[in-house]
Amino acid sequence: MYRCLIIDDEPIAIRVIKKHLAAFTDFTVVAECSNALEAMSILAKEKVDLLFCDIQMPQLTGVDFIRSLSHPPKVIFTTAYRDYAIEAFELQVVDYLLKPISFGRFARAIQHFLDQQSPKEKAEENPTAPKEVDFIFLKADKKHYKVNLADVLYFESLGDYVIAHTTAQKIVTKERISHLQETLPPHRFIQIHRSFIISISKIETVGPGFIEVAKKKLPVGRKYKAELSALLENKQ
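Counting in our numbering, the final residue of the sequence shown is number 449, and the numbers go up one at a time with none missing.
FYI, nobody ran anything at the bench for these hints, they're computed from the structure.
These numbers were taken from a predicted model, which means no experiment stands behind them.
Glycine included, each C-beta is placed from N, C-alpha and C at the ideal position.
It is possible that some hints are incorrect.
[Said to hold, decoys possible] Derived DEER-like restraints, expressed as beta-carbon distance ranges:
#: 1; residue 1: D364; residue 2: V419; range: 14 to 24 Å
#: 2; residue 1: T418; residue 2: T238; range: 30 to 40 Å
#: 3; residue 1: V242; residue 2: V385; range: 26 to 36 Å
#: 4; residue 1: K429; residue 2: V243; range: 41 to 51 Å
#: 5; residue 1: T380; residue 2: S254; range: 29 to 39 Å
#: 6; residue 1: Q272; residue 2: Q382; range: 21 to 31 Å
#: 7; residue 1: F423; residue 2: D354; range: 46 to 56 Å
#: 8; residue 1: L282; residue 2: P421; range: 31 to 41 Å
#: 9; residue 1: P421; residue 2: E223; range: 48 to 58 Å
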């Protein structure tokens, strides 16, 4: 069981995090508080594995708070501000979530945390867990197509439709990209633009404002840059 501490001066933000976290059975909230000074007192008494920390808080910012800890737990920043992303990743945080935080984006952050655990910890976490499903079904032309996730290059949104670009074909299905994003394994796919979700393993190059997949340059939206930075940081 991973023990979590939530620090945020907005009660609504705390409720959202707790609601999202409730979907993950291996995580529990041991405490919640509204500022960094309260958090220091809690950390002195409680074992904490994962810290959800706001940045703009009274008395001490989240960034300065983490810097003040000699042995901080794993940290996921939760903030309405993009300006601190570089400072955050210099602290080697797990992830940087921008409010309002969707469940799909939250799930990706949790997966980033789990990916950083040691093999022993992962085995102890859930030794009987079923293997991850490596395919999805997409409905098109009154049929359901089995799509192996390993063959997917990227998904492209066209309003109420999504085009699945794979190594073998293109499949057009009536689906919202926001719904599709929540069904995909977060450690295998990343949304880089409101219109594009890409397979992480198929990334060829990353440039200023674009990612190249299968020789095609796909744009990176501003609101997705922090997550992309986190991915690149974690893969180094």
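The hints, checked one at a time:
{"no.": "1", "hint": "D364 <-> V419: 14 to 24 Å", "in the structure": "holds, 22 Å"}
{"no.": "2", "hint": "T418 <-> T238: 30 to 40 Å", "in the structure": "holds, 38 Å"}
{"no.": "3", "hint": "V242 <-> V385: 26 to 36 Å", "in the structure": "violated, 42 Å"}
{"no.": "4", "hint": "K429 <-> V243: 41 to 51 Å", "in the structure": "holds, 46 Å"}
{"no.": "5", "hint": "T380 <-> S254: 29 to 39 Å", "in the structure": "violated, 54 Å"}
{"no.": "6", "hint": "Q272 <-> Q382: 21 to 31 Å", "in the structure": "violated, 57 Å"}
{"no.": "7", "hint": "F423 <-> D354: 46 to 56 Å", "in the structure": "violated, 32 Å"}
{"no.": "8", "hint": "L282 <-> P421: 31 to 41 Å", "in the structure": "holds, 34 Å"}
{"no.": "9", "hint": "P421 <-> E223: 48 to 58 Å", "in the structure": "violated, 34 Å"}
The structure does not agree with the numbered hints 3, 5, 6, 7, 9 stated previously, though it agrees with the rest.
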